[in-house]
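K.L.:
Listed below, chain by chain, are the residues.
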Amino acid sequence: MLTGNRLGAAEREVRVAEIEDLSPRLRRLRLLPCDRAPMAASPGSHLLVRVPGTGRAAAYSLIGDPETMAGYEIVVRRSERPDGVSHRLHGLAVGARLSVSPPRNFFAPAAGARRHLLLSAGIGLTPFLAYARAFPPQVDWHLVQIVRPEERAAFARLTAPFDPARITLLDGRAALCWPDWLDQPLDTHLSACGPAAFLETVCGEAAKAGWVPARVHVERFTAAEGQAFEVRLARSGGRLSVCAGQSLLEALESAGVSVAYLCRGGVCGACRVGVLAGRPEHRDRVLDAEERAGGKVMLACVSRARDDALTLDL
Amino acid sequence: MTEPQTFRNALTFCNARETLLRFPFPFAADRYETAANLEQNDRTGPCAALRALFDVDAHYRAEIEEKAFVLARDPQRCTLLPHLDLAQWDVVELVMSSLARDFPQLFRLDRDGRRWRWRNAALGIDQSFRFGDPDSLPCPPFEYIARQTQGDMVLLAQRGDMLYLDGGMLTAAQGWSLPFDLGMSWREIHGEVTGEREQAAIERGLAFALRMQPETQVRRPNWVICVTPRLDNGLETAAEWAGLYEGAPPADLGRNLLLRVEVQQLYRLRRSHVILFAIRVYMARLSEIATVPKWAARLHRVLRDLDPAVARAKAVPFRDDLVAYLAPFDDGAPLAPGRAPF
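Those sequence lines, one after another, are chains A and B.
Residue numbering for the first sequence follows my numbering, starting at 1 and increasing by one per position.
Residue numbering for the second sequence follows my numbering, starting at 315 and increasing by one per position.
Take these hints with a grain of salt, some might be off.
[Claimed, not checked] Here are some of the chain A residues that sit facing chain B, going by a computed Cβ distance under 7 Å: (1) A10; (2) S42; (3) C263.
[Claimed, not checked] Chain B is nowhere near these chain A residues, computed Cβ spacing over 10 Å in every case: (4) E18; (5) A96; (6) R97; (7) V144; (8) A234.
Please keep in mind that the hints were generated in silico from the structure rather than gathered at the bench.
Backbone N, C-alpha and C fix where the C-beta goes; we use that ideal spot for every residue, glycine too.
With the rest of the complex left out, here is chain B (with noise of 0.2 Å):
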């Protein structure tokens, strides 16, 4: 398998006009607060992105392809121990119902008792199938899924009060990685978070999704500047990326430089009450955010006003650089409330 070059090379991934102005851009406001970033995960939104479940972008098939080369290399990228089985169809249902529902051009599923069909134009895939029989589909129905999925899944099964990490497909991790953290509890997963406010941050996000109904429907906008737009910036393949974010900053910021955002989505699973945890990542270059000019004057802002604790958890490669960067397209003047381009 030849290594797919969009998500490897500066110079190949970009977005196009379309694309990135449904970019979903993280910041409503001059200042980030890390406090208030929860928000209802209804199919609403301010850009087109956000405004499906599993959303599907011009990236996708490059996505897919991407996905498919990790887990070649590296298997173990999915995982799911045994009991996941009858969660594993929680999924099927779910993406598969969402992406038809959002995306009925390209997806179609028809559903006649146990008996599906589904269909993905993107991909040239006609598949019938029993829903609930592993032995019709060519592989594990989660991974048959999340393969047709842009962004990453893990799953999350609740014993007493305690939520861990039991199985999942994670080949865009930023910094993390399957095969360490499966098995891991709710607060080992978290484990590197040290601050006061950050780690009752974490038992209130345990508190909450222990309590979570398949009704629940909450999404959270996470950020982080790259700089480089691989997907699979996972620990096992830190030997590819950590050295980029050392030394001199990259000489043309605004190509190599990239606004990395994570949308997290949190879905209590009907039948099997596992809870999954959906990441969808975008990436827009520096360059690109600055062809939006209320974009780029607010990433400004906020980067330039970072509170110390934020920017030391965020860790921004080359902020200064960075800041100057954005510096000549802020004049200053107030900006338009809220996340939409415009």
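Just chain A, same shape as in the assembly (with noise of 0.2 Å):
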């Protein structure tokens, strides 16, 4: 296995400046840059986050401003999985140093709504902080949360800076009785997210309630950035992983494999490579039908793979 040093070009290192663990599996973590960059960043915004000396990344969302919070705040769930990377978070110590991707957003808050309805379930609630933090007055919110019973108090915590009054924690997805949570005004937008099965029952709910979809907005970091998935390489008989919430092409560059690229949006054809094992997913707007359903070529900005493994002509 190829060990990666570096997320994307763009990548910067990041010193852990402070760390609050809020109960067992639940850890704040506060990173500095190390370099002077600028540092803001719009509410919904995550980091890749990667440990050093692995290929290992996983996005966490951050929970303000980082410019208004000095430093970019993350808060990680160890995972069963003693392998992954909240493992190696909940191991550090103050003054590790870790490497992130910028920030990134594609979860921005719906703009022009009135009011929001922000759904979360457990560590989903992450995102909504910021939004809780950059809501002008104006915006009228009510924040629903689902924890655990034991972890009740940890998630208390990170809500305490709000208006009591927007804020609604529920023990377990069963206290949330739905239809009265979405007799909302017509003017309402819905944000959701938390883990996948939660946010198909959101959409499903909504969708009962006679929510038009326009208005429903969920943050799926699987979905919106794939699976994880392994990469053979043919020509240098590499091999890599590709993390969820990574591209191919970060991934590719994290190995020191070398690949033209213009856009990183899967709109200039410039980083095409050769597929010879492996069902492609495509999601780029270059590659015509013919293409697309031959399999043997691929973007790696923003193509993924269908199948656990692809071998590149690389």
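Join these two chains into a complex; the hints should help.
P.N.:
See below:
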């Protein structure tokens, strides 16, 4: 396995400036960039965080504007899998160095909404903490947060800075009475973040209650950025992993494989690579129908794998 | 306010040799292809104009004066909807920090938390202000910095899966208008584009822009042939310039026709998530291009062999006369690839 050294062209080094263990499995970290480049980020932004010496990275939402919070603040839930990034992050001490991508935002608050209903489960709360910090006073909002009973105190601590009248903590999903919460003024936008099953329930219940899709917004880290997959490089004989939340192009760059690129958005076609085995999942807007169906070529910046592994002509 | 002359009169606008050689000549090959013209906007490129994000050249003061004149005559050329208040500060940060980094002999930015001090030696400005406090600047923050920047800037706000042109300062538009386009969606702005391929390109551009992140760095050089060195070819003043493109070609083609290059840049602003579209305009007279043998020969080939669909879209004025004018500068020998002058 190649070990990466970059999360893409603009990766930057940070050090852990502050750690707060909110519960046995929830840890808040404040990360401070080692350079002096600008930090500001819009609400809903996330970072890819990579543990040095590994090719592994995971995406974490910022819980507030890094400029006002004096650093990138994230909350990390330690996962069940002992080999994951979250375990490494839970094992770090103040002063440790990490690599992060620049903040990226695919979940900005719905612009123009007069009222927001925010529904989150567990760690899905994090982007909404940034929303709550950024909403101007004239915007009406309410947050419904599902918690495990043993983590209620941790989440209460994270939501403590805000008007308690705008926050509802519920013990477990069963405590959420959908018809009541979805009975909102017509101009309300609903945003949800949490595990995939929770988001499916949100979309299903909202549709049942007559919400139009344009008023329902969900952050699906794994669906937006895709599942992890493995890559074999036929010519160099290398192997690498593309994490969830990381693009193939970023993973190749991490592994020191140089690929031409321009737009990094699936539009220009510069990062076209040949596929020798495995089925690519095309997400670009460049390839024609024949190339798509053929599956012998893909754009590394946006496209992913439909199988667990791809073999590339690199 | 007296009318500034530099960009109004073909006889006063000219490029010194040094300025000409930093011109972002747009053609890397003898044939012009519309498809592949997105490039990395990373302060690198074949000419000095592309090695700064917000480029400053010898025309800086004249262009700033021209901009002030257009704004004095028509204040609507700078309009922003109120929801862009935060984006205005994003632009202040992006432009000031870029200018100070790229042209340290002219600009200096000192930041101490929210206490900022901005010095612009080219215009004799020394301004201390509080970042985020509009009352600490003599005019709204976007207008303040846009008035000190060469080129135009418009702001595109994202709502749902669409971008809307909700503000900007447009004093050097080529055939469009900010008050007319204000509030329009991406598709409406491009409404005049009708070809199937071109429409597909508009949709690709939208899909790309919607996913753009602050780290995304792209620019696109665009070009057109002009019959006047006017910067302001906005719809508002069409009565003043549209007639120049009709009738007989001007007597001295080399002097009166210009290659106008718009270096268009897209930025996703950090705080507001708004998109800044910056358009930096460069012009060179044909007689100036003719002094750079590689450029003259290449421009000759590009204009002579334009694809008919592209020729229609570009509406090159007096094209046959122009090709005839450039022909003596082209001996048909192979030219070095790339856009650099030599």
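K.L.:
Need the list of violated hint numbers for this structure, in ascending order.
P.N.:
Result: no hint breaks.
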